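Participant: Chain order of the listed sequences is P and C.
First residue of the first sequence: 104, per our numbering; consecutive thereafter.
First residue of the second sequence: 79, per our numbering; consecutive thereafter.
Source of the hints: derived by calculation from the structure; they are not laboratory data.
Do not rely on the hints blindly, as some may be mistaken.
Said to hold, decoys possible - Which residues of chain P face chain C? A partial, calculated answer using Cβ under 8 Å:
1) A141
2) Q144
3) G211
Predicted, not measured: the structure shown is a model, and the values here were computed from it.
A virtual CB, placed ideally from N, CA and C, is assigned to each residue, including glycine.
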Amino acid sequence: ETGVTQSPTHLIKTRGQQVTLRCSSQSGHNTVSWYQQALGQGPQFIFQYYREEENGRGNFPPRFSGLQFPNYSSELNVNALELDDSALYLCASRPASGGTYEQYFGPGTRLTVT
Amino acid sequence: GENVEQHPSTLSVQEGDSAVIKCTYSDSASNYFPWYKQELGKRPQLIIDIRSNVGEKKDQRIAVTLNKTAKHFSLHITETQPEDSAVYFCAASIANTGTASKLTFGTGTRLQVTL
Chain P
104 ETGVTQSPTH
114 LIKTRGQQVT
124 LRCSSQSGHN
134 TVSWYQQALG
144 QGPQFIFQYY
154 REEENGRGNF
164 PPRFSGLQFP
174 NYSSELNVNA
184 LELDDSALYL
194 CASRPASGGT
204 YEQYFGPGTR
214 LTVT
Chain C
79 GENVEQHPST
89 LSVQEGDSAV
99 IKCTYSDSAS
109 NYFPWYKQEL
119 GKRPQLIIDI
129 RSNVGEKKDQ
139 RIAVTLNKTA
149 KHFSLHITET
159 QPEDSAVYFC
169 AASIANTGTA
179 SKLTFGTGTR
189 LQVTL
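Excised from the complex, chain P in its bound form:
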């Protein structure tokens, strides 16, 4: 198991509400990416943070936003939840130096929007 942790494990929200998901990166990793994995599909890239700034974004609307903190933990915020936002949300961390490209995933947060 990797050192990447996420909370909460499961979450149920109502359409229109807002949600915050949290990720704690593996020690020494200062780059974190967030992915959305719908049931039966591969993960889809939402965005990436490096040194507390967003430095890459996938095809997701602005109501998906994030933060990265000095201790390299991060948050994913989703506003105005829609039914299609129901998915497994994964964060992945990697070191930004040392020539390493590997990304290690956390266990994910299962979000259900009703």
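With the hints as your guide, set chain C onto chain P.
Facilitator: Here is chain C on its own, set in the frame of chain P:
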């Protein structure tokens, strides 16, 4: 943007047989190709990866091959065991340290190893 296609979507093999999963990518700038194994309800787990300056990489029963000209790469699992049963995802990335390294995933292959 990058597009990754993966085949087959399901694969059933008998224990001890080999399994091969194939992926193609569209962006010739992609230089990093990891494979992830995801068991039901668990996180994707990195099992092997390959960079574009290498044609083949092996780790015990698992190997990955890359053909840059044809833009396809494959996962080979030999002597399959029941614990190899899972969903396998290929991915491609234009990777660079310190910059965005978006992984574009394939649609997954459900591998079932039967006794």
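Participant: Run every hint past the structure and note whether it holds.
Facilitator: For each hint, the structure was consulted:
| no. | hint | in the structure |
| --- | --- | --- |
| 1 | A141 | 11 Å, violated |
| 2 | Q144 | 7 Å, holds |
| 3 | G211 | 6 Å, holds |
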